[in-house]
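Engineer: Sequence:
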Amino acid sequence: MTSKSPYPDIIVPDIDLWSFLFQRQNRPFPDSHVILTDAQTGRRYTFDDLRKLSLNFGSRLQERLDWRKGDVLTIFSMNAIDIPPIVWGTVAIGGVVSPLNPNFSSTELVHYLKTSQAKAIVTQKSQYAKVAQAAEGAGLPKDRIIVIDDDDNASGDKIWQPDPYLIPDYKFDSLHKSPITRPKEELAFLVFSSGITCLINYGLFLGMSTYVMPRFDLEACCKVVQNQKITYVYIVPPAVLQMVQNPIVEKYDLSSIRLFNSAAAPLPMELIKALRTKLGLSIRQQYGMSECSPCTHSQTKQEGDEYPGAVGRLVSNMVAKYVPIAGEEVKPGRMEGELWVKGPNVFLGYLNNPTATNESFSEDGYYKTGDVGYEDAYGNFVITDRIKELIKYNGFQVPPAELEALILGHPAVADVAVVGIPSGKAGSELPRAYIKVKEDSRANHKTADDIVEFVRSKVAPYKQLRGGVHFIDAIPRNPSGKILRRELKKLYANKL
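Per this note's numbering: the sequence shown = residues 990 to 1485.
Source of the hints: derived by calculation from the structure; they are not laboratory data.
Check the hints yourself; a few may be wrong.
[To be verified] Okay, derived cross-link-like pairs now, DSS-like style, lysine-lysine, Cα gap no bigger than 30 Å in a straight line:
#1 1058 with 1114
#2 1310 with 1471
#3 1427 with 1331
#4 1479 with 1427
#5 1484 with 1427
#6 1267 with 1212
#7 1357 with 1479
#8 1290 with 1262
#9 993 with 1331
#10 1310 with 1357
#11 1290 with 1240
#12 1240 with 1212
#13 1212 with 1310
#14 1240 with 1414
#15 1414 with 1377
#16 1447 with 1414
#17 1414 with 1357
#18 1058 with 1173
#19 1108 with 1166
#20 1320 with 1331
#21 1447 with 1108
#22 1479 with 1435
#23 1414 with 1218
#24 1357 with 1435
#25 1435 with 1478
#26 1447 with 1131
#27 1267 with 1310
#28 1131 with 1114
#29 1131 with 993
#30 1377 with 1357
[To be verified] Derived Cβ-Cβ restraints for the label pairs, each shown as a range:
#31 1103 with 1023: 48 to 56 Å
#32 1345 with 1457: 44 to 52 Å
#33 1016 with 1188: 41 to 49 Å
C-beta: ideal position from N, C-alpha, C; glycine also.
Model the full assembly from the supplied sequences, consistent with the hints where possible.
Structural biologist: Structural data, given as structure tokens:
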């Protein structure tokens, strides 16, 4: 069963991202329009600032690091208004941007630096020690570590710090021509975590004046909303839960907010209703993934009010197919099953992994999302389950296979499977390990605690076994050896 976007198709211009954002003729705001503001310091960048900073950064990459088209720049940083011009400056000279989660451990960072063959990495001084350790493990010289907020280099290492402010006498070419000649095929982003390609690019295109915070802090967020009269807030389900449960919110005037925009995980109906009842605020949902750049479905404000619980309708130029799940009954006349999508925003494939790429696409070109649900009569997609194995903890993705490979290194473990169990928080799960111990080991609290600590010392905080360890006689698998994770979720449902 197939479904097409209810919206008219749009023409996707066959030009590179730099030209599309910075050289379009119909831009509805002036060069002096403020685009980004640091919510803590008040430091801000206009469109003209960002254009100059971006070209300045790209020029310095070419001059100092002999940057070539296709070279990869890794970004390992908290949110900051200096990150977007670094992204655009890299893209402007044909470079590839690879953003990473700043919570990764140094061991994980080594893996991503090697996989992407990064030529340099951007970070902040608070992360420098971790990045330096990872750079050494990946064979990346320390003079390829770019620290964007280091005023005094106390470490003694040779660090290049790009100027975070405008250089008044810098002469840049406002008509800079990108070296990208095949924008539909050439790589711009090598994405290991989602979001960035939407928030910074779409915000600039629309001319939204965006206030940037390094991380979510409830009171700091409420204070900025009140003081700056914020009208539009990007948020994830765990943060929504804080908004409706924490009494600190009542101290602030949030009446300027016209709309919350939620993604990363579906919002429970109870949370949507509580937000409306307690704070009088509306919220719309969007759905997508890194592989789709990242959005495939979106609600308007009205749709968020009228169809709470859905994640919206297909965006323009998108086509979807609902494929029945083997062994599950499909209701007559209902578009239900695993969601497959096709459109110009779908990625080209997984890096150096043709097997995964082939398995992820159907013969007729649809990307298999791994999410299960149905489409109602209005065209809304409602998520009911997830085939794909990724666990979502507070908006972060936790790959079970990665944890399983790690846990198998523990001397007491014979076999293991990791699944997500409900955390009690909206849109969040806790990684739990089901383990079969070796014959010479004991399945007791001491062993469980030791395994939890073993994992904790080797992974980012959000990947820890917060769901605990549970011992079982055998890991359920199908004849080909694939773990039957749904069977393990049933064990949890039965309090096992």
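Engineer: Does each hint hold? Answer for all of them.
Structural biologist: Hints, one by one, checked against the model:
A distance of roughly 28 Å separates the Cα atoms of residue 1058 and residue 1114; the hinted pair therefore holds under the 30 Å criterion. Proposed proximity of residue 1310 and residue 1471 is supported: the alpha carbons are some 25 Å apart, at most 30 Å. Taken as a hint, the residue 1427 and residue 1331 pair is broken in the structure, with Cα atoms around 46 Å apart against an allowance of 30 Å. With a CA separation close to 24 Å, the supplied pair residue 1479 and residue 1427 stays within the 30 Å bound.
A C-alpha spacing of about 24 Å is found between residue 1484 and residue 1427, which places the hinted pair at or below 30 Å, so the restraint holds. Note on residue 1267 and residue 1212: the hinted pairing holds, with a Cα-Cα distance of about 18 Å set against a maximum of 30 Å. A threshold of 30 Å between alpha carbons decides the hint, and for residue 1357 with residue 1479 the separation of about 24 Å falls inside it, so the pair holds. For the suggested pair residue 1290 and residue 1262, the alpha carbons sit about 15 Å apart, so the restraint of at most 30 Å is met.
Restraint check for residue 993 and residue 1331: satisfied, since their Cα atoms lie roughly 10 Å apart, inside the 30 Å limit. Between residue 1310 and residue 1357, the direct Cα distance comes to roughly 9 Å. Compliance with the 30 Å bound is thereby established for this hinted pair. In summary, the hint linking residue 1290 to residue 1240 is supported, as the alpha carbons are separated by about 26 Å, within the 30 Å threshold. Using a Cα cut-off of 30 Å, the hinted pair residue 1240 and residue 1212 holds, with the two alpha carbons roughly 9 Å apart.
Proximity of residue 1212 to residue 1310 is assessed by CA-CA distance (about 44 Å); at most 30 Å being required, the pair is judged violated. For the hint linking residue 1240 to residue 1414, the alpha-carbon distance of about 23 Å falls within 30 Å, and the restraint holds. Using a Cα cut-off of 30 Å, the hinted pair residue 1414 and residue 1377 holds, with the two alpha carbons roughly 20 Å apart. At roughly 25 Å between alpha-carbon atoms, residue 1447 and residue 1414 fall within 30 Å of each other, so this suggested pair holds.
Using a Cα cut-off of 30 Å, the hinted pair residue 1414 and residue 1357 holds, with the two alpha carbons roughly 27 Å apart. Of the pairs offered as hints, the one joining residue 1058 and residue 1173 holds, with about 16 Å between alpha carbons and a cut-off of 30 Å not exceeded. Proximity of residue 1108 to residue 1166 is assessed by CA-CA distance (about 22 Å); at most 30 Å being required, the pair is judged to hold. Simply put, residue 1320 and residue 1331 have alpha-carbon atoms about 24 Å apart, close enough for the 30 Å limit, and the pair holds.
Of the pairs offered as hints, the one joining residue 1447 and residue 1108 holds, with about 25 Å between alpha carbons and a cut-off of 30 Å not exceeded. With a CA separation close to 25 Å, the supplied pair residue 1479 and residue 1435 stays within the 30 Å bound. Between residue 1414 and residue 1218, the direct Cα distance comes to roughly 28 Å. Compliance with the 30 Å bound is thereby established for this hinted pair. With a C-alpha separation of about 41 Å, the suggested pairing of residue 1357 with residue 1435 is violated against the 30 Å cut-off.
Only pairs whose Cα atoms come within 30 Å are accepted, and residue 1435 paired with residue 1478 is accepted, the gap being roughly 24 Å. For the hint pairing residue 1447 with residue 1131, the CA-to-CA distance comes to about 23 Å; that is within 30 Å, so the pair holds. For the given pair, residue 1267 sits about 38 Å from residue 1310 by alpha-carbon distance, which is inconsistent with the 30 Å threshold. The suggested pairing of residue 1131 with residue 1114 holds, with an alpha-carbon distance near 13 Å, which does not exceed 30 Å.
For the given pair, residue 1131 sits about 50 Å from residue 993 by alpha-carbon distance, which is inconsistent with the 30 Å threshold. This hinted pair checks out: residue 1377 and residue 1357 have alpha carbons roughly 9 Å apart, not beyond 30 Å. One distance hint, 48 to 56 Å for the beta-carbon pair residue 1103 and residue 1023, is violated here, with the actual separation near 39 Å. At about 30 Å, the CB distance of residue 1345 to residue 1457 disagrees with the hint of 44 to 52 Å.
Checking the proposed 41 to 49 Å range against residue 1016 and residue 1188 shows it is violated: the Cβ atoms sit about 19 Å from each other.
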